[in-house]
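A.B. asks: Just so you know, the sequences run in chain order U and L. When we follow our numbering, the leftmost residue of the first sequence carries the number 1, and every step to the right adds one. When we follow our numbering, the leftmost residue of the second sequence carries the number 1, and every step to the right adds one.
Watch out, some of these pointers could steer you wrong.
As the list claims (entries may be wrong) - 25 Å max Cα-Cα, derived SDA-like pairs, lysine to any residue:
no., chain 1, residue 1, chain 2, residue 2
1, L, Lys121, U, Val198
2, L, Lys175, L, Asp81
3, L, Lys233, U, Gly161
4, L, Lys207, U, Ile11
5, U, Lys44, L, Gly162
6, L, Lys121, U, Arg7
7, U, Lys8, L, Ile205
8, U, Lys8, L, Gly217
9, U, Lys168, L, Val308
10, L, Lys175, U, Ile236
11, L, Lys121, U, His12
12, U, Lys168, U, Ile192
13, U, Lys73, U, Val144
14, L, Lys233, U, Tyr116
15, U, Lys8, L, Leu106
16, U, Lys44, L, Gly158
17, U, Lys61, U, Tyr241
18, L, Lys207, U, Asp266
19, L, Lys121, U, Gly6
20, U, Lys8, L, Phe120
21, U, Lys8, L, Leu123
22, U, Lys44, L, Leu164
23, U, Lys44, L, Asn148
Unchecked claim - So, partial list: chain L residues that the calculated Cβ filter (under 8 Å) puts toward chain U:
no., residue
24, Ala39
25, Pro50
26, Glu116
27, Ala137
28, Gly286
Unchecked claim - Distance windows between CB atoms, simulated:
no., chain 1, residue 1, chain 2, residue 2, range
29, U, Ser222, L, Ile64, 19 to 29 Å
30, L, Ile64, U, Ile192, 49 to 59 Å
31, L, Gly52, U, Val46, 52 to 62 Å
32, U, Val46, L, Ile64, 46 to 56 Å
33, L, Gly52, U, Ile192, 34 to 44 Å
34, L, Phe76, U, Val176, 55 to 65 Å
35, L, Pro295, U, Gly80, 31 to 41 Å
Since the hints were made in silico from the structure, they are not lab data. No residue lacks a Cβ here, since even glycine has one placed at the ideal position from N, Cα and C.
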Amino acid sequence: MRRTLGRKILIHALLLPFLVFALFPFYHMAITSLKQDRELYDRKAVPLLIRQGPTLEHYTKLLWDTAFLTWTKNSLVVTGLATSVSVVIGTFAAYALARMRFFGVSSFGTGIFVTYLVPTSLLFLPLAQVVNWLGLGDSKWALVVTYPTFLVPFCTWLLMGYFRTVPKEVEECAMVDGATRIQALFRIVLPIAIPGLVCAILFAFTLSWNEFIYALTFTSSSDQFTASVGVTSELIRGDIYYWGSLMAGAVLGSVPIVIIYVFFLDYYVSGLTAGAVK
Amino acid sequence: MAISDLELAHPVRRTGFRPRLREMLDRESFLGPLFISPALLLIALLVAYPFGMAIYLALSNAFIGRPSTFIGLRNFINLWDNDTFRQTFQNAFVFTGISVAFKLVLGVSLALLLNEALWFKRLIRGAVLLPWVIPTALSTLGWWWMFNSLYSVVNWTGIAMGLLDPPGPNWLGQKYYAMAAVVLVNIWRGLPFFAITILAGLVAIPKDLYEAAETDGAGAGRRFWYVTLPLLKPVLAIVVLFSTIFTFSEFNIVYVLTHGGPINATHLFATLSRQIGLESGRIGEGAAISLYLFPVLMFVVWAQLRFVRRQAN
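Based on the provided sequences and hints, a complete structural model is requested.
C.D. replies: Printed below as a string of C-alpha cells:
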C-alpha cells in the first residue's frame, strides 16, 4: 500500500514539469494583462507576480480604443458559418464513403484523405487570386468560402469513422420496413452518431477559430479582421508595443474556445485520437 | 418529410413523380454521387484548381498586377542561387527534425505518465491539451513577450535559478537562440497531440500482455521495450507522419515570433513564400517556394496510404 502511494506521488512529481510547461505561458499572459504599466516595465520587479495591485485598464483600452469587438464578431460569424456548412457537406460525403458503393467512391476517399493532409500554407497564394476573382478580396466572406477547404475533409474523415461503427443491420431493418435511404440516414444513423457530430462541430469550430494564415492573407482592413489577425497586427505599431493590451487581446481572443473546451473536454480527447488514428 | 412516410402499411404506388424520385434516391449509383457532389465541387474549385494555379504561377514570372509569361523551371532553379532560400531549406529540416524528435520522446514520456492512476485525471488531461486548443497566433504572442529582449521572464527565471548569467541571451535577436525559441514553441504547441494520441494507443494495449511479461520476470524497462514499444509502433508512425507535414509547413509561430529573422535564420518555406510572394509581389517565385512543401506532402501521403493498407490486410 505504501509502495503504491509512493509511486503515485512520484508519478505526479514527474508530471509537474509538463504541467508547468503547458500552463505557464497562459499564466504569464494573464498576469501581464492585469499589471499596471508602472510595474510591467519595471525591470527590477518580479515578473511572476502582481505586487503593485491589478488593473483592468488594458482590457478597457482593448475593448473601447481598438476594434477588438468587431474582430471578435467577425471571428464568430466566420467560424459559425464555415463550421455549419462544413459539417453538413461532410456528413453527406462521409455517409456516402462509409456506406455506399458507386463509381469513383474509392478515388474520392483517397482524394479526401490527401486534401485532409494539404497544409494551408501550400495554397494561400493562388487562393488569394481565386478569392479576388470571386470578388471577395479583403472581406471576411472570403474566409467563410475558403475555410471549408480544410474543414470538409476533416469532418468527412472523422464522421466516416463514426458512421462505420453504426451497425449496418439497424439501417437495413429500417429500409426493409419501408424507410428510404435518406430517412435511414436522418432517423437511424445520425442519432446514433451524435457523439461524432458533436466532435466534428467542436473541431471544425476550433480549427476555424484558430486559423491564421488565410485570415492574414485574405483580409487587410481592420473591420474585416478576425480576432487573431486583429490582435497580432493592429496592436503592434512600429516599435511601440502595448504589451498589456496585447496580452489582454490574446487572453480574450482565446476565451470562446476555452469555454467550449471546458465543457466538451472528453470530446476533444476522443476526437483528437479518432481524427488521427482511424 | 412526414412521419407517415415511415409507416409499414403505406401503399406502394408505381406511377407519378414522387415515387420515381424516391426510387432513384434509393439507388446508390445515383444517391452516392449526389451526396459527395458538394464536397467534390468544393475540392475541385478551391483545392485542385488553386493547386494547378500554383504550378502555373511557379512556372511563370508572375508579379502582382502585371501579365506573366511562362519561364519553365527557372524559378525553381534560380532559388538555389538565393542564399535566403538555401538558408530556409536548411532551416525547414533543422526545425522539423528537432521539433518532431522532441515531441516524440516527450510525447511518449507524457503519455506513459498520463496512463497511470492519477488524482484529478480529467483536470490534468485538460491542462495538458490546452496549448493545442488555444489559437496559435495568440499563444505565440505570449511567448513573444516571454522572450522579449528587455523583460524576458525566461531570462529572469534562469538568472534567479542561477542557470543563466545576467543579462541572459537576446532570444529572438540571435541566430541559434531564435531557432531554439521557435522550436520550443512548436514543441509546446504540438506535444498535446502526441501525448493524447499515444495515450490512446497505450490504453488499447491488452493488460494481460504485461501480466504475462511480468510473470516471465521482465522488469519495467524490458516490458516497455518488448511489449509497449512494438505495439505502439503503428500509432507512433502515424503521429510522426502527421506531425512531420504540419511542422514542415509551419507558419504561425515563425510569423509571430521572429518574422523569419534574425537575418532569415528562422524562415520556413511558408513564411518565405509569403514574404516573397505577397510582401515583395513576386508571386511566381513565392508559389515555387511553397511548392517545395509538396514532395514532403507526397511522401507522407504515400507512407500513410501504404501503412493503412498494410494494417488493413
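A.B. asks: Would you mind marking each hint as holding or not holding in the structure?
C.D. replies: Each hint, compared with the structure:
no.	hint	in the structure
1	L:Lys121 x U:Val198	holds, 23 Å
2	L:Lys175 x L:Asp81	holds, 22 Å
3	L:Lys233 x U:Gly161	holds, 21 Å
4	L:Lys207 x U:Ile11	holds, 19 Å
5	U:Lys44 x L:Gly162	holds, 17 Å
6	L:Lys121 x U:Arg7	holds, 16 Å
7	U:Lys8 x L:Ile205	holds, 21 Å
8	U:Lys8 x L:Gly217	holds, 23 Å
9	U:Lys168 x L:Val308	holds, 23 Å
10	L:Lys175 x U:Ile236	holds, 23 Å
11	L:Lys121 x U:His12	holds, 11 Å
12	U:Lys168 x U:Ile192	holds, 12 Å
13	U:Lys73 x U:Val144	holds, 13 Å
14	L:Lys233 x U:Tyr116	holds, 23 Å
15	U:Lys8 x L:Leu106	holds, 20 Å
16	U:Lys44 x L:Gly158	holds, 15 Å
17	U:Lys61 x U:Tyr241	holds, 14 Å
18	L:Lys207 x U:Asp266	holds, 23 Å
19	L:Lys121 x U:Gly6	holds, 17 Å
20	U:Lys8 x L:Phe120	holds, 12 Å
21	U:Lys8 x L:Leu123	holds, 16 Å
22	U:Lys44 x L:Leu164	holds, 17 Å
23	U:Lys44 x L:Asn148	holds, 15 Å
24	Ala39	holds, 4 Å
25	Pro50	holds, 4 Å
26	Glu116	holds, 5 Å
27	Ala137	holds, 4 Å
28	Gly286	holds, 5 Å
29	U:Ser222 x L:Ile64: 19 to 29 Å	holds, 22 Å
30	L:Ile64 x U:Ile192: 49 to 59 Å	holds, 51 Å
31	L:Gly52 x U:Val46: 52 to 62 Å	holds, 57 Å
32	U:Val46 x L:Ile64: 46 to 56 Å	holds, 49 Å
33	L:Gly52 x U:Ile192: 34 to 44 Å	holds, 40 Å
34	L:Phe76 x U:Val176: 55 to 65 Å	holds, 59 Å
35	L:Pro295 x U:Gly80: 31 to 41 Å	holds, 37 Å
Hint check: no violations occur; every hint is consistent with the structure.
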